[in-house]
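Visitor: Protein sequences, first through last, are from chains A and B.
Using our numbering, the first residue of the first sequence is number 1, and each one after it goes up by one.
Using our numbering, the first residue of the second sequence is number 1, and each one after it goes up by one.
For the record, the hints were derived by calculation from the structure and aren't laboratory data.
Do not take every clue at face value.
[What the hints assert, rightly or not] Part of the chain A face toward chain B, derived, beta carbon under 7 Å:
{"hint": "1", "residue": "V28"}
{"hint": "2", "residue": "G190"}
{"hint": "3", "residue": "I236"}
{"hint": "4", "residue": "S237"}
{"hint": "5", "residue": "T274"}
{"hint": "6", "residue": "C294"}
{"hint": "7", "residue": "A299"}
{"hint": "8", "residue": "L303"}
{"hint": "9", "residue": "T311"}
{"hint": "10", "residue": "A312"}
[Unchecked claim] Some chain B residues close to chain A (C-beta under 10 Å, calculated; not the full set):
{"hint": "11", "residue": "G15"}
{"hint": "12", "residue": "V54"}
{"hint": "13", "residue": "A155"}
Just so it is clear, the structure is predicted and the values come from calculations on it, not from any experiment.
Glycine is no exception: its CB is placed at the ideal position from the N, C-alpha and C atoms.
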Amino acid sequence: MAFVHIVKPGLQTTIQDEGRWGLQSRGVPVAGPMDPSSYRVANALVRNDRNQATFEITLIGPEVEFEDERLVAVAGAEFALSLDGVDVPPNAAFVAGAGSRLRFGARVRGSRAYLAIAGGLAVTPVMGSRATHLVSRLGGLEGRALTAGDRLPLGDMNRAQTGRRNPRPVSGAHLIGVTGPHAHVRLLPGPQRDYFSSDALDVLQSAPYSISKDSDRMGFRLEGPLLRHVRGADIISDATPLGVLQVPASGQPVLLMADRQTTGGYPKVATVITADIGIAGQLGPGDTISFSMCTPRDAFAALIAQERALTALEAAAAS
Amino acid sequence: MPQHRTHDFRIVTAGDSAVVVEFAECIEAEVNGRVVALAEMIDTERIAGVRDVVPTFRSVAIYFDPLRTDFDRLSERLERAAADARPAPTIAREPIRIPVSYGGAAGPDLEEVARYAGMTEAEVITLHAAPVYRVYMLGFVPGFAYMGTVDPRIAAPRRSTPRLRVPSGSVGIAGGQTGIYPSETPGGWQLVGRTPLKPFDPSRAEPFLLKAGDSVQFYPTTPATV
Numbered sequence: 001m002a003f004v005h006i007v008k009p010g011l012q013t014t015i016q017d018e019g020r021w022g023l024q025s026r027g028v029p030v031a032g033p034m035d036p037s038s039y040r041v042a043n044a045l046v047r048n049d050r051n052q053a054t055f056e057i058t059l060i061g062p063e064v065e066f067e068d069e070r071l072v073a074v075a076g077a078e079f080a081l082s083l084d085g086v087d088v089p090p091n092a093a094f095v096a097g098a099g100s101r102l103r104f105g106a107r108v109r110g111s112r113a114y115l116a117i118a119g120g121l122a123v124t125p126v127m128g129s130r131a132t133h134l135v136s137r138l139g140g141l142e143g144r145a146l147t148a149g150d151r152l153p154l155g156d157m158n159r160a161q162t163g164r165r166n167p168r169p170v171s172g173a174h175l176i177g178v179t180g181p182h183a184h185v186r187l188l189p190g191p192q193r194d195y196f197s198s199d200a201l202d203v204l205q206s207a208p209y210s211i212s213k214d215s216d217r218m219g220f221r222l223e224g225p226l227l228r229h230v231r232g233a234d235i236i237s238d239a240t241p242l243g244v245l246q247v248p249a250s251g252q253p254v255l256l257m258a259d260r261q262t263t264g265g266y267p268k269v270a271t272v273i274t275a276d277i278g279i280a281g282q283l284g285p286g287d288t289i290s291f292s293m294c295t296p297r298d299a300f301a302a303l304i305a306q307e308r309a310l311t312a313l314e315a316a317a318a319s
Numbered sequence: 001m002p003q004h005r006t007h008d009f010r011i012v013t014a015g016d017s018a019v020v021v022e023f024a025e026c027i028e029a030e031v032n033g034r035v036v037a038l039a040e041m042i043d044t045e046r047i048a049g050v051r052d053v054v055p056t057f058r059s060v061a062i063y064f065d066p067l068r069t070d071f072d073r074l075s076e077r078l079e080r081a082a083a084d085a086r087p088a089p090t091i092a093r094e095p096i097r098i099p100v101s102y103g104g105a106a107g108p109d110l111e112e113v114a115r116y117a118g119m120t121e122a123e124v125i126t127l128h129a130a131p132v133y134r135v136y137m138l139g140f141v142p143g144f145a146y147m148g149t150v151d152p153r154i155a156a157p158r159r160s161t162p163r164l165r166v167p168s169g170s171v172g173i174a175g176g177q178t179g180i181y182p183s184e185t186p187g188g189w190q191l192v193g194r195t196p197l198k199p200f201d202p203s204r205a206e207p208f209l210l211k212a213g214d215s216v217q218f219y220p221t222t223p224a225t226v
């Protein structure tokens, strides 16, 4: 079995797959990529299945060494990338030779990049998933962010990966929702819209919110126009979906992200549409986010368009 | 937000990939019984596109893949299922018995709960171990079960300053609720004892000790502290 070695870990590099679904009834958070689209692009470019485990890289990238020759790709946040000192492109696949080192340099824009390696990261799944959940120390490698000296086993390559070494000249750049320090996402109202004043959705759309420094994979604390409760700031605890804006008594919303707890006791005013989750996932502390309401039809149309583009990329990269 | 109000429940959307069936806005065994029954029905049906089913005190959230099913199709099925959901008989199963070492280092807040209740620590233990509790839901961290209802005489509120580290296995009280910390986490519940059982162990074939709808009874393993 071949391994990839962590020479330098970067700021917070974790292992993620599509997430640990099906156990939220037992309090197990889903985890998974903060930017699901970029994650899927990275896997597509190296002809992996869409659920194979990749690295999620946060703000400062790692340096890794490959034991054997592999097709690799980095998608999402844009970094200067070099392989043994030679520049390699983002959002496209390239071959990393045995013993080669991939180094992440300066970050250009975005917060999270996905490094996919043909065969995927083959750490032992925990309850059906390899996704790392940092707070409950589950999945990935010992449930933690990677450190220098870690060795991660790689999965066997499929025929599309061993048969033709050279990658297709395919780019995933058009699918990457990295917008720089300001992003705009679309919302649907609810599930507890009725806990807020009648102008709450207007307030939410009136000005951008900034992402506070107390923001992580669990959620982004937002600072901006105050939302006003009309039925108190407590509900009987219920489920907390990805991308929901929960609002504690302070009136400042918290955007719940990949590592959120499964349930919560604050009312939730609105929810980011699935197609725009990755755009939010590229933001970091100090960045800003603005919101606009949309309709369920808009949300579905956006998701269909995204799915078609991702499927087309998967087909093009595999052909 | 589409809603259906033809019954004593409503179905609301939570974004484009979750629906929530909400029953009466209260924490009661009868209501939670319907929640658990509905969640089990949906699990059993294995509906295409459903990714996760989350029963809570008074609602069931259903997470789905919008590319494989949609709100209208799903809510039609949920509406029928929710109308049919009846609580399982309460004495269907023997309660799961959980040994607890009360007081001392294992239960550093037992003294405070006794002071709150105006009774001895031994009396608090007797009252905590007497009822058969219902597991209403799991949440907070993997395997954490919210159980009730604690005897009102010992239903001490949360600590004003939460502890940064609560040892795993700690048994706590927060108002009418009681629970076991499955892992070392921060926590504000009043700690009355500790159990050697692990509510969550991902290396076990069955990682979870409890699920929503279970019955639980605690029993003291050491003589009541004086």
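Visitor: Would you mind marking each hint as holding or not holding in the structure?
Guide: Status of the hints after comparison with the structure:
no. : hint : result
1   : V28  : holds (4 Å)
2   : G190 : holds (4 Å)
3   : I236 : holds (5 Å)
4   : S237 : holds (6 Å)
5   : T274 : holds (5 Å)
6   : C294 : violated (9 Å)
7   : A299 : holds (4 Å)
8   : L303 : holds (6 Å)
9   : T311 : violated (10 Å)
10  : A312 : violated (15 Å)
11  : G15  : holds (3 Å)
12  : V54  : holds (4 Å)
13  : A155 : violated (17 Å)
Against the hints set out earlier in the document, violations occur for numbers 6, 9, 10 and 13.
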